[in-house]
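Chains A and B supply the protein sequences, listed in that same order.
Going by the working numbering, the first residue of the first sequence is number 38, and it counts up by one from there.
Going by the working numbering, the first residue of the second sequence is number 38, and it counts up by one from there.
Hints in this document: simulated from the structure, not taken from any laboratory.
Among the clues, some could well be false.
If several chains are the same, the list does not tell them apart, and a pair holds so long as it fits within one copy or across any two.
DMTMM-like, lysine to aspartate or glutamate: derived pairs with alpha carbons at most 20 Å apart [said to hold, decoys possible]: (1) Lys304 to Glu234; (2) Lys318 to Glu205; (3) Lys114 to Glu323; (4) Lys114 to Glu294; (5) Lys164 to Glu99; (6) Lys84 to Glu205.
Bear in mind the structure is a predicted one, so any value in this text is a computation, not a measurement.
Next come the chains, spelled out residue by residue.
There are 2 protein chains.
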Amino acid sequence: MNYVGIDLGGTRLRVAIAGAGGPIQHVVRHPTEADRGPEHVINRIVKTIEEALRHERIKPAEVASMAIGMPGPANGKTGVVLSPPNLPGWRDVPIASILTERTAIPTNLENDANLAAFGEARAGAGKGARNLAYVTVSTGIGAGLVLDGRLYSGASGVAGEVGHIVIEPGGPLCNCGNRGCLEAIASGTAIARAAREALETRARTQLRRHRESDGPTAAEVVRAARGGDALSRRLLDRAGTALGIGMGTLVNLLNPELLILGGSVMKAGGLINRPMQTSLKVSSWESARRGLRIVAPRLGQNAGLVGAVEWARLQATSAARVQATR
Amino acid sequence: MNYVGIDLGGTRLRVAIAGAGGPIQHVVRHPTEADRGPEHVINRIVKTIEEALRHERIKPAEVASMAIGMPGPANGKTGVVLSPPNLPGWRDVPIASILTERTAIPTNLENDANLAAFGEARAGAGKGARNLAYVTVSTGIGAGLVLDGRLYSGASGVAGEVGHIVIEPGGPLCNCGNRGCLEAIASGTAIARAAREALETRARTQLRRHRESDGPTAAEVVRAARGGDALSRRLLDRAGTALGIGMGTLVNLLNPELLILGGSVMKAGGLINRPMQTSLKVSSWESARRGLRIVAPRLGQNAGLVGAVEWARLQATSAARVQATR
């Protein structure tokens with residue numbers, strides 16, 4: 038039997054096929070064309086699946102199960118995508134049942150952050166670990182949780198919202214409407230915003246040359262910090278400190294053995310990592326932290342796609358097991 | 038077959054017996070006499086088990102499984118108690134294997150907060166819920182987690198340390214050595230400490246009459262607040278607000294459908310609950326909070342004991358299932 042994994046992002050759509058027990062055999066990539074609305078995107082997904090199957094000469098009946106990863110909030114239990122911010126027009130779309138009907142292949146939906154965590158747990162940096170969180174610090178901050186060896190997605194599929202933990206009550210406004218969320222302080226977007234705000238003051242900084250444009254990006258802040266710019270270092274220090282509090286909270290609540298920390302902001306290396314480690318120590322209980330390992334992800338951009346294939350495989354196996362014991 | 042549950046606290050030792058599928062039949066209570074050290078306490082546990090079995094005319098061979106709940110840090114996976122603060126002299130005691138050997142009944146250890154959560158989930162306020170946290174706000178603040186219908190205890194058995202989430206970085210010193218932990222702001226101990234500190238200022242308050250003693254207790258602060266004392270209301274407001282941030286964090290990370298909130302501090306009712314609800318809203322993501330119910334526990338002081346019996350039952354059933362499929 039075969040398994041299909043789909044990774045649907047705001048800009049890119051990818052479909053992967055794998056055989057029983059084997060690695061991914063073939064991947065088809067296309068732009069999502071999200072601006073053309075859900076119906077167009079769903080047609081593209083179906084066509085991309087057909088293209089991938091044709092390439093491997095596999096019939097739909099030879100595919101045991103399919104899984105699609107999408108930006109949250111997505112409810113894996115109901116198969117309904119609520120309203121992903123980077124997919125305009127999507128609102129309460131029952132994508133799992135639509136794809137099941139259009140392709141005749143049983144399809145499961147999961148949040149893409151969850152599937153990335155599941156991918157890293159099964160085939161990446163988390164191999165062998167039973168309790169882990171995979172945290173991505175990028176334009177936003179999200180996490181997927183694997184607890185007791187199983188993907189944990191919560192009562193309505195939105196567990197792992199580490200980006201919306203309040204770190205500074207009354208702090209910077211977050212996209213979610215609350216204030217002082219981790220994402221509003223430590224994400225790439227937040228670092229860039231803080232830099233822009235600092236430029237409105239009289240601070241001396243190398244960043245001033247970016248003033249003409251929309252302001253410096255987080256990557257430019259990192260570059261300036263590497264070049265010794267004091268303001269940029271302070272900005273990253275604040276982000277790293279907030280991140281450490283968030284990770285400390287996660288450690289206190291979940292006592293994981295492994296924390297996989299990825300995303301573009303983590304490329305700042307020690308500039309983020311050092312303040313993060315320091316503040317993690319003073320914001321977590323020693324017993325909960327003991328034995329914790331913090332590592333980088335291994336699958337990079339493929340984590341979600343690998344996770345989708347592995348999730349499809351798991352669903353098919355569980356379904357078969359339930360049928361066998363009936 | 039029969040099952041034995043043990044609840045060992047700093048002051049009280051309780052042993053309960055239940056038959057297959059039935060409720061608790063008999064409970065024996067004794068003081069722990071913790072000050073006389075681990076060997077003495079272990080002898081008392083064994084004698085109390087024997088007393089309970091004798092009363093019910095049950096032989097050790099007729100007991101399928103036993104579970105003991107103890108103050109954390111306790112590692113359920115290894116059966117070793119690390120160093121519970123209210124049991125002097127206990128350090129890395131392999132209590133599960135000691136009791137198994139002394140009684141000839143297979144024994145499992147679990148953190149008492151975890152077993153209280155498990156008890157409420159199986160037979161109390163959490164019946165029917167698959168994802169819940171049972172949070173106790175008392176002299177300390179702790180939580181037990183039931184996720185996807187299973188007790189979740191983390192990599193080393195100390196998950197659910199909600200009391201050590203940092204709410205105010207750099208805030209009041211906590212027993213754990215860190216600053217600004219939820220427990221250092223919202224526990225009964227913290228409320229009493231804040232009242233004592235406030236009395237050292239010139240604040241006008243009904244609490245001043247308690248100045249001669251060790252200062253007001255948390256219960257006295259609640260009483261004064263009910264009587265309209267502004268300072269006392271502010272103290273509870275601060276505690277409730279911090280508690281709401283902690284609960285918001287828990288909701289963001291775990292997306293539970295149910296939060297069971299108990300412990301002596303919650304007896305303050307609306308004085309704690311109102312600020313808690315307000316701050317929970319501004320510190321959790323709407324999608325993670327939607328559908329959440331917050332309720333009081335139902336089993337009271339018996340949650341841990343009921344949980345221990347149910348845990349013993351589950352361990353015996355799982356062991357039987359593993360043997361059957363071999």
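The hints, checked one at a time:
1. In this assembly of identical chains, lysine 304 and glutamate 234 lie within 20 Å of each other by CA distance neither inside one copy nor across copies; the values are 23 Å within and 45 Å between.
2. Proximity of lysine 318 and glutamate 205 under a CA criterion of 20 Å is satisfied in both settings, with 18 Å inside one chain copy and 15 Å between copies.
3. When the C-alpha separation of lysine 114 and glutamate 323 is checked against a cutoff of 20 Å, the pair qualifies only between copies, where the shortest distance is 18 Å, while the shortest distance within a copy is 35 Å.
4. In this assembly of identical chains, the alpha carbons of lysine 114 and glutamate 294 lie at most 20 Å apart only when taken from different copies (14 Å versus 27 Å within one copy).
5. In this assembly of identical chains, the alpha carbons of lysine 164 and glutamate 99 never lie at most 20 Å apart, being 28 Å within a copy and 41 Å across copies at closest.
6. Taking CA atoms no more than 20 Å apart as the test, lysine 84 paired with glutamate 205 passes in neither setting, with 46 Å inside one copy and 52 Å between copies.
The earlier numbered hints that this structure contradicts are 1, 5 and 6.
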